[in-house]
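Peer 1: In order, the protein sequences belong to chains A and B.
Heads up: the first sequence begins at 1 in our numbering, then just goes up one per residue.
Heads up: the second sequence begins at 1001 in our numbering, then just goes up one per residue.
None of these hints come from the bench; they were simulated from the model.
Keep in mind the model is a prediction, meaning the values are calculated, not measured.
We put the CB at the ideal spot given by N, CA and C, even for glycine.
Any given hint could turn out to be false.
[To be verified] Examples of chain B residues toward chain A, derived with CB under 8 Å:
id, residue
1, Thr-1007
2, Ala-1009
3, Lys-1012
4, Pro-1014
5, Arg-1016
6, Ala-1342
7, Ala-1343
8, Glu-1345
9, Thr-1607
10, Ser-1634
11, Arg-1636
Each chain, letter by letter, is given below.
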Amino acid sequence: MKIYWTATGEVHALKGVDAVFPAGTVSAIVGPSGSGKSSLMRILAGLDRPTAGSVSVGGVDISGLSTGRLRGIRRRLVGYVYQRPSDNLVAHLTVREHLQLAARLKDVDDTGDELLDDLGLSARKDALPTTLSGGEQQRLAFAQAAIGEPVLLVADEPTAELDSANGGALLEVLVALAGRGIGVVLGTHDPQAVAVAARTLFLRHGAVQAETAESRRLSVIDAAGRICLPPEALALFTDRRAVLQLVDGTVVISPPSPQAAPAIGPETWPQAAPET
Amino acid sequence: MRLRPPTAAWTKAPVRLLRLPTLGAAVAAGAAVLALATASAPLFLASAGNAAVTLSLEGVTPEAGGLSVETAGVPDRRTFQPADAALRAATAGVGRLAEPTLFGLASVFGASANGEQVRARMLTRDGFGEHIEVIDSAPGARGVWLPDSVAEQLRLEPGDTVTVGFGEEEAQAPVAGIYVDLRSARLTEYWQPLGSLFTTRDTEGLEPPPPPMLLADLDAFLSAGRTLPPASFRWQAPLEFADLTLPQLRAARARLDRIGTDIANPSTELGQPFDDLSAYGPPETRSVLAAVVGEVDETAAVLRGPVSLLSLAGRAVAIVVVAAAAAFAAQRRRIEHQVLTAAGETPLATGARAGVEALLPVLLGAAAGLAMAVWLVDLLGPGASGDAAVRVGAVRAVIRNAALAVVVFAVVTPVAARRAQASAAAAPGRRLAARLPWEAVLLALAAASYYEVVAGSDVAVELGAPPRIDALVLAFPLLFIAGCAGLAGRAMRRVLPRLRRAGDGWRPSLYLAARQLAGASRAALLLVVASSLAVGIGVYAATLVATSQRTVQAKAQIVVGSDVSAEVRPGAIPTAVGRFPTTLAQFQRATLDGRVEVNILGVDPDTLPAAVNWDDRFADRPLPELLATLRADSGRLPVLAVGGGIPDQPTLRDADYGVPLQVVARPQAFPGASERRPLLVVDARRYVEAVDAASQSSIGAALLFEPQTWLRGDPGDIVAALEADGFGVTDENSVALSGFTLSNPPQILTAQQVAGGPGLAGLGWTFRYLQALGLAAALLAIIGLLLYLQARQAEREVSYALSSRMGLSRGANRTAVAVEVAGMLAAALTSGTLLALAAAWLINTRLDPLPQVPPAPLFTVPASLLLAVVAALPVLAWCGAMLVQRAADRTNVADVLRLAAG
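Okay, chain A solo, but in the shape it has when bound (with noise of 0.2 Å):
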């Protein structure tokens, strides 16, 4: 749970968030602006912490850690890339300094030069990052987070300021990078980005809606029994009452209304994206 004060009074950015992202993965989340995106994956990458709840990364509970181990949690476990390329890089530093940094901060001795030719960026390694394209500044970010191989990436929106092509290949790297054994976690609202995610968490009001993993798309019981329906499911109760059926084993919620309304079961779910 997350709770921030403002002038006009608390604000509940996220209420009982119940997730796993596993590591080798791309997990995506997924939700409307004030969902509590944000929140999230800043207390995932411990830049913040939760009002209530633990967090667990890489097998260490960071939610009641100090403000300088959280920063060694930071250093050596978790990478994180802002939204904005430019937001995640330092002008005076080239590539190459960028992840000499990068790795000292970390503590490995790795000059980044694998990474920078899996990441297309070995001839511009001296290239100061006002003079990179937004693809390459992002992918330099990256880089950066990742030098060290840490437990988990955390990055906001990566491709919102990218065009199609240069976002693809971001996420070409993205998966590469989760091939390394790094759990990435994408907020996003890129469909691409939802389609190269193994695992997507939506988001709504602070909690999550629905979950899809292995094709499949899950919706979430929290722990007083209430299940939150999709927008278009939820449309079909307009008078926000439910008739539950237990059919051979199955739940059928359908309106109370006499109207016969078409059972929803699984076969009516929105479909999964493809696996890619």
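Chain A is fixed; fit chain B onto it per the hints.
Peer 2: What follows is chain B alone, placed relative to chain A:
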């Protein structure tokens, strides 16, 4: 721990801020202010100390300022020579002290030859032979020189022998020459201090002339010594005053004190031979150095507190500037810090790297500040600069404080960086803290300071001591101006956005300027507030200096009467009277009603107004109108009363008469008033008539007056005219060879002497120090303006790139910038000036250097300074606009737009 080569973030750190000119300049400016405030205090105090030395030594002769040793004993070579050698050895090591000259005088004894005898004295003095008019001499002869009157009486010629003796003892002394008797000659400067040995003051012939003087070289003097009565010996070692600094003065005083102690102690190497020589107790040593050093120390003590306070305030402001620069830098480099924080960099590493970044700008700023301090003290300091030791001390202090500035920058940067990245949704506690206005704290402190000042005494004055300034008197205006300037800044933040709604129908340049001002950022307004504070300090200092100078001058002229006063009647100084407005002022002491001691000042109402410096604030009406009231005829003698304790209708009483008086006006101040007793001003003629009519004494009232002639004009020209009339300026401090002065000449006193004495001078010097800091603050205000222009350069370039494509001309853009800058400067100038004048007005009455002497402080606005600043405002605005336009003309529009989008 492994040692690895530093990353580029560290290797590039030392020159990082040089590539961010705005930030680098802000840090350097803060360091410059810090160095200026640090170094200026000891340099100024040293300069003031040296000036106090010069002032205190005015009128003191080198002989009086040096060492004088006097003793009396038998002029026997066996006892004299060891003492003489010991003293010369002791004084040889005293810096600035010349070799002692010897004077010896043997009193009356008998000189005889050829059956004739005369009563004579014998004198030896170094170099006398060059200062006598020789009548006859034996070539190369040594011995005694006879005055012509003695040679004639004893029928002696050079080469003869004269017998000298006292009691039973006699000795033969060769006659080396004959000289014109000094008793009948005009005494040269060499002999004037010994004038009473050759002349008497008796003009009626009732006293016999002094005995004739035989002059002898030292050898002859000592050879005849056993036959002479005990002689007086004086060694006089003058002190070289030219460019004498305070440390040198202190060193000389210490050495002279040591000599004085040793010479009186028979167990010392110096005291033992003098114990053998001196017949009447230990020798007497004299030097005015102790008194001079005491006076200088008192003046320095007056300055030390206020100068230290001002220096501390300046350093505090500078540290705040450095901290603000660090916060500003953290805000500007928010992205960089965000990246590194996300990557796990510790605040310690961030701060350490910030310290490395700040090192070079701080060093450059400190060097500039130190140079500025030296230049300002040379320019505005009252005396010569301090010696090498003072400068070395100042440099050390600057280095220490520069290190402090680096530490402050290093500490503030990570804190500010964290705050810059913190969520906008702050916790309630932080929101409350952010709302607390720091200005309220400053104003509360200002109010407390003002209360303490008002409840306390004025500038503390001890009788005979220099005036002291309460440090709170200086703290109050600084706090007041800073607090009010901050509130003015907040008010501007609320008012300026309203400019957005204005401007419809205005010319494009004015419209743009209004929009720029409306959109002024917090940083821009902070610069305006800082500039306002800088202007305020400068104007406050200038106001205090102007007020202090005007008030001290007025008090001096009140004490003296006019620009110059001479204790003679006008008839004795025809040259001066012919060239300058003069009036006769006549003083007399009297008693009112048998109990109130007053001074009576008899004036000539016709000549007085032209001969004195009158300020309309002295009374409720102009001087001619005031003097006209002395002609009123009500049966009682009209008087003006200055000072308290005088009833409206007192009676002037003496042993045998009473003159009824009527107080017709009570001016706050009047020329001739003093702190000692109240003053009654009367028409001199009417007063004499009234007293003579009432008194039965045969001595007319006119004879009881002590006359003074007051002259108005340039003091230098007046003194020159007085010298042409045969009168010279004297000073009570003037000390010739003790005991041998001419009759006291009339006292000639100038207002300049009174105003320029070290006591009052110290007060003025304090304000000059404040003025020096104000000048530096004004320079910083200009730097702040340049920073403001630089800080908004990027957005201006984008704005101009777009506007020029829509038809905005270069001239219109330049005018818009000039109007914007002029607006900011005008806001800073107006608020700073008004606040400073208000603060100075509030504190003005508490800064009376001599509250016992009228008038009260004459509040004086530094009009010429304000006019100069107002005249400079449009020039600065236009120069700033030109700089901005040139930068805009050089930019590539495509690059500007691309970078702005990126």
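Peer 1: Against each hint, give a clear statement of whether it holds in the structure.
Peer 2: Checked hints:
Checking Thr-1007/B against chain A by beta carbon gives a least distance of about 5 Å; that is within 8 Å, so the hint holds. For Ala-1009/B, the suggested interface contact is upheld, since its CB lies about 5 Å from the closest CB of chain A, less than 8 Å. Look at Lys-1012/B: its Cβ gets to within about 6 Å of chain A, closer than 8 Å, so that hint holds up. Because the beta carbon of Pro-1014/B sits about 12 Å from the nearest beta carbon in chain A, more than 8 Å, this interface hint is broken.
This hint holds: Arg-1016/B has a C-beta 7 Å from the nearest C-beta of chain A, less than the 8 Å allowed. The criterion of a C-beta within 8 Å of any C-beta in chain A is met by Ala-1342/B, whose closest approach is roughly 5 Å, and the hint holds. Annotation: Ala-1343/B was flagged as interfacial toward chain A, and the flag holds, the nearest CB pair being 5 Å apart, inside 8 Å. For the restraint placing Glu-1345/B at the interface with chain A, the shortest Cβ-Cβ distance is roughly 6 Å, inside the 8 Å limit, so the hint holds.
Below 8 Å, beta-carbon pairs count as interface contacts, and Thr-1607/B has none with chain A, the closest being about 78 Å; its hint is therefore violated. Contact between Ser-1634/B and chain A, as hinted, is not supported at the beta carbon level, the nearest pair being about 78 Å apart and thus beyond 8 Å. Because the closest C-beta pair between Arg-1636/B and chain A is about 79 Å apart, greater than 8 Å, the hint is violated.
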